[in-house]
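Residue-level listing of the chains:
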Amino acid sequence: MLVEVGHFALALALALSLVQAVMPIWAARSGDGALREAAVPAALGAFACLLLAFGALTYAHATSDFSVQNVVENSHTAKPFLYKLSGVWGNHEGSMLLWVLILSLFGALVAVARNAVPPTLRANTLAVQATITFVFVLFIITTSNPFSRVAPAPMEGNDLNPLLQDFGLAVHPPLLYLGYVGFSITFAFAIAALIDGRIDAVWARAVRPWTLTAWSFLTLGIAMGSYWAYYELGWGGWWFWDPVENASLMPWIAGTALLHSTVVMEKRDALKVWTVLLAILTFSLSLLGTFIVRSGLLTSVHTFATDPTRGVFILAILVLFIGGSLTLFAWRAPMLRQGGLFAPISREGALVMNNLFLVAACATVFVGTLYPLLLEMLTGEKISVGPPFFNWTFVPLAVPLLLIVPFGQALAWKRGDAYAAAQRLLVAFALALAVGVATLALTWGGPAMAPIGLALGAYLVIGSAMEIVSRARGYGGSRSRDVATTWRRAVGLPRSAWGTALAHAGVGVVVIGIAAQGWATEGLATIKPGESLASGPYVATLDRVGPRTGENYEETTAFLTLRTRAGDWVGPVETGKRFYPSRKMTVTESGLKTVGVSQIYASLGEVVPGGAIGLRLYYKPLVLLIWLGAVVMALGGAVSLTDRRMRVGAPAKARAKLPPHAVPAE
Amino acid sequence: MTRLRALLAALTLCLAAGPALAVQPDEVMRDPAQERRAREISEGLRCLVCQNQSIDDSDAPLARDLRVLVRDRLREGDSNGQVVEYVVQRYGEFVLLRPVFGPHTWLLWLTPLLAVGLGGFGLWRLARRPVPPRPQGLSEAESAQVEALLHRK
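Protein sequences appear in the order of chains A and B. Residues in the first sequence are numbered from 0 upward in steps of one, following numbering that gives the first Met the number 0. Residues in the second sequence are numbered from 0 upward in steps of one, following numbering that gives the first Met the number 0.
Simulated from the structure, these hints should not be mistaken for lab results. We treat Cβ as the ideally placed atom computed from N, Cα and C, and that holds for glycine. Just so you know, not all the hints are guaranteed correct.
Restraint ranges, calculated between C-beta atoms of paired labels, are given here [said to hold, decoys possible]:
1. B:Gly91 - A:Met0: 53 to 59 Å
2. A:Pro536 - B:Leu109: 29 to 35 Å
3. A:Gly545 - B:Pro31: 30 to 36 Å
4. B:Pro31 - A:Thr62: 52 to 58 Å
Just need the whole structure built from these sequences, with the hints factored in.
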């Protein structure tokens, strides 16, 4: 019964989003204010309906209702309860439902954020947002209905893919979708501005909290996905330049560029047309990402389910939104007034360079991801574009970008003084150089790129700290003389300044983590109980190999004891092979031992009948910094969101309503 | 669902080959220098039956065959380039994870340069665009007019 209620709610959401899409446009023509306001209850209603639909599907999964096709295909009575819940979005239909749920959540938030946005802009934004909701709910109802029944109902379900039975599935997709879909609001704002034909600093200020929120969640989502892949796949890599990873990286890069260009627009009323274009591109890339993952275009065999009608439908959505918005842009953009002149050497100039390199990096990932496909379609030639290509092209674009980060921060708006900025950065330069040289000397003969990367990361972290210090100290006559004054001033700095510094420092932390992987070591051997395998400064001794039983799996576990080379006890590590009888699948469960921010990573290979095992032991120095840095970046976004400027003009009430797994420290 | 596909890709391969590590202990070469070269080469070679995985990371039997092949060639004294050439001759350009630079990949390889170059050129043009002249000071007649307006009682 509840399943039918959910199904009905989904259809009702379709109708409500149509109302929400049409009313404001109609109101704009007739000048009827009450009609325009109808978009607000419609947005709230659509969200409530989708929440009900999602709740109904969750209930069906939680209670293992095997009369529902979706539950049969993805659940099992013996599956742990957490995975019954996260399994709701561990499949095509459910994940699309989560997608539209978040879409309508953002729509509802814009609707209740009353004071933030001029009424016409808000109404138009809600209309655009509702159009997206309408099309995607239509997609779900026509091609991917999660509520279809099966009769007679089987006794047992097929279980969820064991690789997805992990805590990662509980957090990664919701975070990623909050990011992906969050950019729909920015997109809707951009389209609304184009329809309205007016765009100014008020627009930039209204958009910025949404961009920040989406960006922070996307950052966390990508980082979480990367960490999940790292420990789940069993070979210790953390980024594979896989098309699906690239699909999430592209909107992130474009979103980062958007975040920076909105700053220029808000402060200086410049780069307006460009910002609107970036807003369109960012969400278009999100849609493209959804298309790539959902259609099976690039992933022929491995998506959840490949169904040509779905692919064609999503392609139509893509053409409608990307083509439509770019056409609208080409038509209306020339009417937007350009403003805000600035000298090339200025904060604006640096932010333009940031945009240039980010867009170039995004274009590189875009072309690299789609090129093999197009080449094969056009000429029949098959080539592969893999990690070595991206490392060769992406890194040279990223390094100059990172080098100008602290530099841009030190430049004044409108007209900056490059020499003075360089002077302010002297300490950061010198310290980073010292770090690099010292590391090079200490690890002489090791990889040369690692110390360079380390120095770059240190430069970013120190540069961010210096920025706060020099702003707190002040200049000229008002320069503070004692630490107490400086500290007081630092505390009083706008939160956005702290947010910026944190986010930039986070990038530095990520760079340090990545650079340190140059010193990662790998040990590989077949060992018997009592024998040891060394990797880096650690030695793992195999104590025994034994069976272990979980709720819905049987595991062969290798119990290892980890010691330093000097023989000091570090701790136990367990790695195993889990066999899931329901799906007849075996999954490697890697064993991780965290020492500070470094990890020792054990992965079990073949188990030889005599009791010997194949074992791979990695030592990954500072590896956790890669993901912790991303958390610091997202934290920076969250701190920036609490800035007074945003609290005054932005949806403070609405932000409190974000789901519980929102960014910490908000 | 970024990782899902990669996870599933990995899963399919695990199934194909049974539970196993990528590089097997018995494949490792005695000479660590040669093994390092083998790894270097392997990282750039695609596992042909996988999704975007190098033969170094893959559990598929075909990847194992290729790893063994690479090591055999190295043992026979081939240089890194010769090994790669040998593999490409047998399996085609598709096997290279870093595509060669040729007419069919010019656009691919030049994308970063083109993007920065064209973007930079556009910016340069924009920066050179004549700046609207600063408003001149008021002429004497205009000043007099302002005075008159301000002090009109």
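Now the hints, each set against the structure:
Distance hint check for glycine 91 (chain B) and methionine 0 (chain A): the Cβ-Cβ separation is about 57 Å, which falls inside the suggested range of 53 to 59 Å. Proline 536 (chain A) and leucine 109 (chain B) have their C-beta atoms about 44 Å apart, which leaves the hinted 29 to 35 Å range violated. The hinted window of 30 to 36 Å between glycine 545 (chain A) and proline 31 (chain B) holds, with their beta carbons roughly 33 Å apart. With their beta carbons about 57 Å apart, proline 31 (chain B) and threonine 62 (chain A) fall inside the hinted range of 52 to 58 Å.
In this structure, only the earlier hint numbered 2 is contradicted, and the remaining ones agree with it.
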